[in-house]
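Asks: Please put together the full structure from these sequences, using the hints given.
Each chain, written out:
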Amino acid sequence: MIAIIKYNAGNTCSVQNALNRLGYENRITDVEEELLKADKVIFPGVGEASTAMSYLKERGLDRVILGLKQPVLGICLGLQLMCEKTDEGDTNCLGIFKNKVRKFPNKEIVPHMGWNNFTEVRGTLFNGISQDKDVYFVHSYYADISEQTTAVCDYISPFSAALEKDNFYATQFHPEKSADIGEQILKNFLEL
Amino acid sequence: MLKKRIIPCLDIQNGRTVKGINFVGIRDAGDPIDLAKRYVEEGADELVFLDITATIENRDTLVSLVKRIAKEIDIPFTVGGGINSVEDVSRIISAGADKVSVNSSAVRRPELIREIADEFGSQCVTVAIDTQKMNDGWKVFTHGGRKETELKTTDWAKRAEELGAGEILLTSMNNDGTKAGFALEITGQVSELVNLPVIASGGAGLKKDFEILFNTTKATAGLAASIFHNNEIHIQDLKKYLQTKKIPVRCK
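Line by line, the protein sequences give chains A and B. For the first sequence, this note's numbering assigns the number 1 to the initial residue and increments by one for each residue that follows. For the second sequence, this note's numbering assigns the number 1 to the initial residue and increments by one for each residue that follows.
If you're looking for bench data, these hints aren't it; they were derived computationally from the structure. Among the hints, erroneous ones may be present.
To be verified - Keeping only pairs whose Cα atoms sit at most 25 Å apart, straight-line, the calculated DSS-like set for lysine-lysine is:
no. : chain 1 : residue 1 : chain 2 : residue 2
1   : B       : K207      : B       : K246
2   : A       : K103      : B       : K158
3   : A       : K6        : B       : K71
4   : A       : K187      : B       : K252
5   : A       : K133      : A       : K165
6   : B       : K71       : A       : K133
7   : A       : K187      : B       : K37
8   : B       : K3        : B       : K139
To be verified - Label-pair ranges, simulated between beta-carbon atoms:
no. : chain 1 : residue 1 : chain 2 : residue 2 : range
9   : A       : T124      : B       : R146      : 50 to 60 Å
10  : B       : S90       : A       : K57       : 35 to 45 Å
11  : A       : E183      : B       : Q236      : 12 to 22 Å
12  : A       : E191      : B       : E148      : 26 to 36 Å
13  : B       : E150      : A       : S146      : 49 to 59 Å
Just so you know, even glycine gets a beta-carbon here, dropped at the ideal spot from N, CA and C.
Replies: Structure representation (structure tokens):
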């Protein structure tokens with residue numbers, strides 16, 4: 001069973017559709033026991049960081065996420081909420097990754113919207129994926145680069161397209177919306 | 001490098017794809033799901049579905065269509081037509097759309113843009129602008145191009161950005177359906193003015209039209225309908241062509 005975390009910022013149904021297409025049994029839930037016993041947990045997200053973070057805290061989901069031992073995949077805002085801190089609403093986040101999240105400068109075209117390739121990839125999520133492949137991004141904030149960065153994308157400046165630490169994985173792009181390449185990356189996670 | 005997007009647009013009427021010329025003369029162009037799947041296969045970067053009937057009675061038909069699309073399609077898609085409130089957006093987004101496009105309703109009540117952006121994020125809001133060149137310059141039209149407004153196109157685009165739009169979909173009514181090329185003048189002006197992704201729409205007839213669009217304006221996407229529906233241009237061929245012209249595109 002794959003659990004998709006239910007909260008107030010989500011593209012949960014896109015993730016669910018992708019899992020259904022891949023044939024993985026799944027459930028959208030915010031129940032602690034269900035999250036704890038799931039084989040894998042996906043933490044999606046589109047929306048605003050401070051509102052999403054307060055929602056997680058009010059329901060104790062921040063503590064639940066930090067305590068998960070199985071593989072966890074954060075997507076888009078999910079990645080940003082797993083970082084240390086974001087400039088969006090000046091929000092302290094979960095701190096799983098040491099990265100800081102900043103806004104793209106306003107003089108450029110923001111959001112970073114569309115298909116972009118990697119400039120570097122490493123790690124299990126990217127098995128069989130070369131750096132010249134394109135995936136779908138849509139975001140106005142980005143995580144900087146750290147030793148936990150497993151994929152780099154360059155838009156205005158290089159930023160973390162993916163992060164990994166212990167059982168925690170995260171992608172800034174949307175694998176569920178990235179056609180065949182995204183499907184392969186999701187499969188790599190689901191088969192961990 | 002961020003790729004230029006090629007976006008087929010499916011005009012929807014009573015659950016079917018339709019196409020008109022210069023906003024009139026509507027005819028049937030097939031099942032939207034079949035077409036959408038074909039475009040994903042051909043390498044489309046996103047899809048836009050515009051419900052051109054957009055009556056209250058049609059809402060449920062549209063929502064169930066959006067659900068079907070979301071199940072089958074693994075690239076982003078936008079849904080527009082008759083979206084008047086945050087509740088309408090909520091239904092469309094919950095059904096699985098990635099973005100909504102607002103047009104007449106945003107002109108009538110610009111705050112709608114901000115309300116959607118606050119609730120779902122700017123990346124969810126595409127502001128669609130139908131524009132026509134009049135004696136006093138490019139003006140905004142609403143109601144599927146039937147109603148002229150007092151708004152200057154560039155002013156409205158800037159205002160939409162300030163209100164929290166995440167993207168502008170700019171359709172030139174002068175060019176729509178003519179296959180004579182995109183409206184470079186107004187697309188150039190709008191894409192220079194706002195720091196948002198701009199989708200150019202209306203007038204694509206040749207592969208070269210996309211090349212000229214991307215080489216002469218800051219538009220980040222080109223949208224077309226009939227040339228794709230009628231197999232006049234295959235998306236994969238278009239992208240190969242653009243690649244030889246050094247325009248960054250995603251090739252499968």
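Asks: Kindly indicate which numbered hints from before are broken by the structure, ordering the numbers from low to high.
Replies: 8, 10, 12
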